[in-house]
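Participant: Line by line, the protein sequences give chains B and S. Per the working numbering, the first sequence starts with residue 1, numbered consecutively. Per the working numbering, the second sequence starts with residue 1001, numbered consecutively.
I should point out that these hints are in silico values taken from the structure, not numbers from a laboratory. Be careful, since some hints might not be right.
Unchecked claim - Derived DSBU-like pairs: lysine-lysine, alpha-carbon spacing no greater than 30 Å straight-line: (1) S:K1301 to B:K117; (2) S:K1004 to B:K92; (3) S:K1159 to B:K92; (4) B:K117 to S:K1193; (5) B:K84 to S:K1011; (6) B:K2 to S:K1099; (7) S:K1084 to B:K17; (8) S:K1084 to B:K45; (9) B:K27 to S:K1084; (10) B:K45 to S:K1045; (11) B:K11 to S:K1017; (12) S:K1004 to B:K45.
One letter stands for each residue in the lines below.
2 protein chains.
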Amino acid sequence: MKEKEFLQTIKNTLNSKYIGDDCAYLKDLGVVISQDSLVEDVHFKLSYTTPFQLGYKSVMVNISDICASGAKPAYLTISLSLPKNIDINFVKDFYEGAKMAAQNVEIVGGDITGSEKIYISVSAIGSTKNRRISSRSNAKIGQKIIVSGSHGSSAAGLKLLLDGKKEPQTLVNAHLMPKAQICFSTQIAENAKTNYAMMDTSDGFMDALSQIANASNVVMSVDFDKIPYDQEIKIFDNWQDLIFYGGEDYQLVAAVDENLLKNIHGYTIIGEVLKPKNISGVNINYSDKKEFLTFEQIENKLYNHFKE
Amino acid sequence: MKEKEFLQTIKNTLNSKYIGDDCAYLKDLGVVISQDSLVEDVHFKLSYTTPFQLGYKSVMVNISDICASGAKPAYLTISLSLPKNIDINFVKDFYEGAKMAAQNVEIVGGDITGSEKIYISVSAIGSTKNRRISSRSNAKIGQKIIVSGSHGSSAAGLKLLLDGKKEPQTLVNAHLMPKAQICFSTQIAENAKTNYAMMDTSDGFMDALSQIANASNVVMSVDFDKIPYDQEIKIFDNWQDLIFYGGEDYQLVAAVDENLLKNIHGYTIIGEVLKPKNISGVNINYSDKKEFLTFEQIENKLYNHFKE
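Here chain B stands alone, though its shape is the one from the complex:
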């Protein structure tokens, strides 16, 4: 878990209250800001993704970070580093994809430099005007846990792509062209009268649940049968693991007061925030059994880019 160790060192060195969240809420400026990178052969391979899809996804993952905060995605900058052999069509297609994903979010700058591998770093800025901003430490006992859509499809799609397959398209598309949950986020942030917790599932559904549980010191209790997923993922033996630990679905998970639910739509209630008995964590209720996992148990299972 080198990445975890590195992050702890960064936190200790900077001694900042912000480091650790994907999005930083800059209250004095009324904005949130996030930055995320995609590195060739770490986060994607050109063997299965087109430049258009790459531009699209690079933008979408950053818009998703803003959505997770509840802010309104407003502007983006893109820093692109490209090997010498890349031609002008790559740049054109990449930005066509970026533009399609950005829609009303304006791409306002960045830079372009040389490199050995393709490296993309996108920053996104969101406006907090007239919105209540989320925090992973806001979950409260009794709140309902809701999600925006299906889990596990992206990781299933990646497995197919790495196997040279292009179908089922639902799964492959979920990985190559995910959609940030702007509508879900906007409804909550504009209508919430009290604080709520929200995260995207970029690093996995269980990661989002356990991060909220840990930061809020609660138990996130979910019913497995209520979690939405595409039936196609059942072609994989480990389809339950894909749902929980797959990541990159860019769905939103939120813990909100039940009162809010009558004012929003397009969500699925999957569980409830409970008081911890001894320790915070995630409780999964299956039809025939229960499973309780602590933050550490979950983090140890999660994919780590620095893993040996």
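Given the coordinates of chain B, work out where chain S should sit on it, guided by the hints.
Facilitator: Chain S in isolation, oriented as in the chain B frame:
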């Protein structure tokens, strides 16, 4: 000039009024934003820079972008991609350097991922509150051209470092640990009663002059004898080229109304904004001759990371 061609393609694809400037002014949010990247073996080599210096410079070049706009540097995010063999001390030292450069500017987020080479992308956000924001298209005939400090030292320092030398220290330090001109920028932005043009010299002193000349459709006329530089650079035969085309000094060049000058300090007047005869460009007055260069002539001379 592949980078230039790529930028034109990006502009055409996005059809945005923002692309092209280093800093985007987001008027509705009252902020400016910039993003700049440093790539191992393109922008720096570990043979001559320490992790501390690298962290320091990565932050400083982005604060410089904000300074060039006249905004107050407020927050930073850092995206760091590191090869597997990098150890925890690298991360610690890098962030110690970043923190030293940031001073009152808070580092609020970013991410850390794996990669083959070291890749650093920093985003900076500045507040425009109570400040007049610059634009490279704001230069007006009759304005004075002022600079914040010495030109050419950084490029001279790089030449020394690539030769395995560590002295003269003035030059080597100018390259490894440049200083963003926060004070110069603040004075102008807080005191200017009328519009002004300002750029940093990240891509070279002549680049800044020619970009302003081109965007404002004026002639930037400077007296060579008035340009500040460290005498040490004369150890190089091409010291005048280092001054003009070297880059990475992160000084500021501004075209401001003469009235403003009584309210600020720490600047050097090097010339005046003139009306173009036929075409905009940069005029250099030497003691014994004059030289006029168009935007295209200057851009063709400038270093390009994609050059073959």
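Participant: Run every hint past the structure and note whether it holds.
Facilitator: Here is how each hint holds up against the structure:
A C-alpha spacing of about 27 Å is found between S:K1301 and B:K117, which places the hinted pair at or below 30 Å, so the restraint holds. Proximity of S:K1004 to B:K92 is assessed by CA-CA distance (about 13 Å); at most 30 Å being required, the pair is judged to hold. Of the pairs offered as hints, the one joining S:K1159 and B:K92 is violated, with about 35 Å between alpha carbons and a cut-off of 30 Å exceeded. About 47 Å separates the Cα atoms of B:K117 and S:K1193, which puts this hinted pair outside 30 Å; it is violated.
For the given pair, B:K84 sits about 20 Å from S:K1011 by alpha-carbon distance, which is consistent with the 30 Å threshold. Between B:K2 and S:K1099 the alpha-carbon distance is near 22 Å, which keeps this suggested pair within the 30 Å criterion. A C-alpha spacing of about 28 Å is found between S:K1084 and B:K17, which places the hinted pair at or below 30 Å, so the restraint holds. Of the pairs offered as hints, the one joining S:K1084 and B:K45 holds, with about 18 Å between alpha carbons and a cut-off of 30 Å not exceeded.
Note on B:K27 and S:K1084: the hinted pairing is violated, with a Cα-Cα distance of about 36 Å set against a maximum of 30 Å. With a CA separation close to 26 Å, the supplied pair B:K45 and S:K1045 stays within the 30 Å bound. For the suggested pair B:K11 and S:K1017, the alpha carbons sit about 37 Å apart, so the restraint of at most 30 Å is broken. The suggested pairing of S:K1004 with B:K45 holds, with an alpha-carbon distance near 26 Å, which does not exceed 30 Å.
Checked against the numbered hints listed earlier, the structure breaks hints 3, 4, 9, 11; every other hint is satisfied.
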